[in-house]
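Which chain is which? The protein sequence lines are F and G, in order. All residue numbers for the first sequence refer to the numbering used here, where the first residue is 1 and numbers rise by one. All residue numbers for the second sequence refer to the numbering used here, where the first residue is 1 and numbers rise by one.
There may be inaccurate statements among the hints.
Said to hold, decoys possible - Simulated pairs of lysine-lysine, PhoX-like, Cα-Cα distance not exceeding 20 angstroms:
| hint | chain 1 | residue 1 | chain 2 | residue 2 |
| --- | --- | --- | --- | --- |
| 1 | F | 130 | G | 228 |
| 2 | G | 270 | F | 54 |
| 3 | F | 54 | G | 67 |
| 4 | G | 311 | G | 253 |
| 5 | G | 67 | G | 296 |
Since the hints were derived computationally from the structure, they do not count as laboratory data.
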Amino acid sequence: MFAEQLINGITLGSIYGIVALGYTLVFGVLDIINMAHGEIFMFGAFIGMLIATKAHAPLWAAFLGAVLVTAAMGYLLERFALRPLRGRPGGSQLAPLISTIGVSILLENIAHKLFGAGNQLFETSFAEIKFEAGPVTVYLVQVVILAIAILLMAGLSLWLYKTRAGKGLRATAENLETAGLLGVNTTRIITATVVIASSMGGVAGVLVGMAFNYINNQMGLSMGLKGLAIIIFGGMGSVAGAVAGGLILGLSETFVVAYGSSGYRDAIAFIAIIVVLLIKPQGLFGQAPPEAQR
Amino acid sequence: MGGTIRLVGLIALLAFSLMFMGAAKDTPKASAPGKAKDPAVNARIGVISILTGQGSGYGEAITNGFKLARDEINARGAVNIELVIEDSSGKQEQALAAGQKLINSARVVAILGPTLSTEMKVVGPEANASGVPIMGTSTTAAGITQIGKYVFRNSLPETQAIPASVRKAVMKYNIRKVALLYGNDDVFTKSGFDTMKKVAEDLKLNILTIETFQKGQSDYKAQLTKIKGLSPDAVFCSALYEEGAVILSQARKMGIKVPFVGGNGFNSPKVIDIAKEAAEGLVVATPWFADRNDPKVKVFVARYEKAYGKKPDQFAAQAYDALYIMAEALKKAGKADREKLRDALAGIRNFDGVLGKFSFDADRDVVMEPNVLTIKDGKFQVFQ
Chain F
1 MFAEQLINGI TLGSIYGIVA LGYTLVFGVL DIINMAHGEI FMFGAFIGML IATKAHAPLW
61 AAFLGAVLVT AAMGYLLERF ALRPLRGRPG GSQLAPLIST IGVSILLENI AHKLFGAGNQ
121 LFETSFAEIK FEAGPVTVYL VQVVILAIAI LLMAGLSLWL YKTRAGKGLR ATAENLETAG
181 LLGVNTTRII TATVVIASSM GGVAGVLVGM AFNYINNQMG LSMGLKGLAI IIFGGMGSVA
241 GAVAGGLILG LSETFVVAYG SSGYRDAIAF IAIIVVLLIK PQGLFGQAPP EAQR
Chain G
1 MGGTIRLVGL IALLAFSLMF MGAAKDTPKA SAPGKAKDPA VNARIGVISI LTGQGSGYGE
61 AITNGFKLAR DEINARGAVN IELVIEDSSG KQEQALAAGQ KLINSARVVA ILGPTLSTEM
121 KVVGPEANAS GVPIMGTSTT AAGITQIGKY VFRNSLPETQ AIPASVRKAV MKYNIRKVAL
181 LYGNDDVFTK SGFDTMKKVA EDLKLNILTI ETFQKGQSDY KAQLTKIKGL SPDAVFCSAL
241 YEEGAVILSQ ARKMGIKVPF VGGNGFNSPK VIDIAKEAAE GLVVATPWFA DRNDPKVKVF
301 VARYEKAYGK KPDQFAAQAY DALYIMAEAL KKAGKADREK LRDALAGIRN FDGVLGKFSF
361 DADRDVVMEP NVLTIKDGKF QVFQ
């Protein structure tokens, strides 16, 4: 039973991690919390469901479709909900946050209209592939989810720290105006960031559908709140922190249920987060703000 | 400063004139029956339901049931019903605001709804204090009609439904040890669990573990893996069908093959739609059975399917009957008067609806015989 619960926890944690990656990327660059990320993730799940379950297309098509649609949504989000608010003198710091909350409500209701209320079956033949090691059943999906989480984390780190675009992104994150003066096309960097973060949400959506078999138009909210907690826990803007934080939250939730009481599932997981933040306020992998370093 | 005062005065004036207009609009209605050839009772009835957000699946079924009944009742002519439908989003504060709006500005003669017992706990006292009859069509938690003498319901409470299904399942499958699983953030599923636990204790069953989950959760593997490790004879699961169907599906996939006994919320054809073959072996007690051999039921199912393209579930059926009960009481009351309607409602006995013979007891609560059903070969069948 321990092994099965461990696998359950890792699967859940990997999904949390991928969702949190989307948050952390946008936060790292724009210093805003994209409250619409959870709903974009939910859309990714529904697009994947339409392609894989309703149209019986292969799984790669589901991923591709979900990524394309969520990337487009990310572009629209940036173009119409974030860009008009940027660089306005006297604009509130909170304006982009509120505007993404608006987008999240809009998306949730569009999903309700398009896909209906309630749980929808997400069925793929791939999700049925399993192998048994003694009493333990492992689904291939569970392995794939962990692999995708690690790949995304590694790919993102490489992109951020080893490529020219990543350098531009980090410069933009450091100071938007200075980066612009130094010849970085900041608008393009910001758009690319939101688009990439959103398409990762799309990937996470398809993975959730495959892992749990059911999706509904409310799933963005609960998953989104977990993702937010994780980036605070793992360190705002930290890529490794998002994945590590996700795994820790997923595992702790699962083991609280397994060896404690399921009524305390969220309570204990979040108490753990509070304790870590008391000891290390910037989060697990977070860096102290520049003023404090100097 | 002067401008502000003038503005306030203007708003007050506007509010007053609106009130009088409302009053003026109501008067001809009250005197109309004298002229008409058959004295039709015109009634405006408020509906509070979940139309958006989590749980809007229930609201959809419920309002569909009301609309179908309204069209049929109005076509017959003895009673003419106008529905004023408000959204509660499943939230207490929004349900209360909707209730106040219906009571004070829409001036409805009675309210149907709200959807959840949690909402009824706040809207019920308000309607009761205002002397407006209110009837829950889906509120099955304990203590609903005890709110006051204007509060009714036609939804079979869990305290009657669950013992029936548990006893039958225990006898048939010789159940000795059970695992309990319930949603702990909803009054409905929580009170269902309390009943299950009490019945399990009364029957001296060995309760192996008690697990919980929350609304909208999508991953139940941790709880289910734990339950599987304890190998119970049955799982008693108090859940709404949205969560319940997913739980069943994940449990079966994991290899938990024992019967599940569910509460009232588990009873919906959607369980089969969502969980497919994983739904086999679920036992529920329910006031509503769509395949019951009764011409009334067959007509209702056919009409509902024609109008909305899907089979009516328990929530639609209860809503449908509720409006007919209202119409019956309005006919008896003779006019759309809140006080007279309340007395007429309280006197309803042996009403013959799609749910079967229905009566209100002295506490305005439900008296009826539940059907115990199980899912077999992809459909609900009578459990024997």
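(message) Given the hinted pair residue 311(G) and residue 253(G), is their Cα-Cα distance within 20 angstroms?
(response) violated (27 angstroms)
(message) Holds or violated: residue 270(G) and residue 54(F), Cα atoms, limit 20 angstroms.
(response) Since the Cα atoms of residue 270(G) and residue 54(F) sit roughly 18 angstroms apart, the hinted pair holds (cutoff 20 angstroms).
(message) Just to be careful, I want the Cα atoms of residue 67(G) and residue 296(G) compared with a cutoff of 20 angstroms; is the pair within it?
(response) holds (17 angstroms)
(message) Does residue 67(G) sit within 20 angstroms of residue 54(F), going by the straight-line distance between their CA atoms?
(response) Roughly 31 angstroms separates the two Cα atoms, so the pair is violated.
(request) Decide if the proposed pair is consistent with the structure: residue 130(F) and residue 228(G), CA atoms, cutoff 20 angstroms inclusive. (result) holds (18 angstroms)
Hint violations for this structure: numbers 3 and 4, all remaining hints satisfied.
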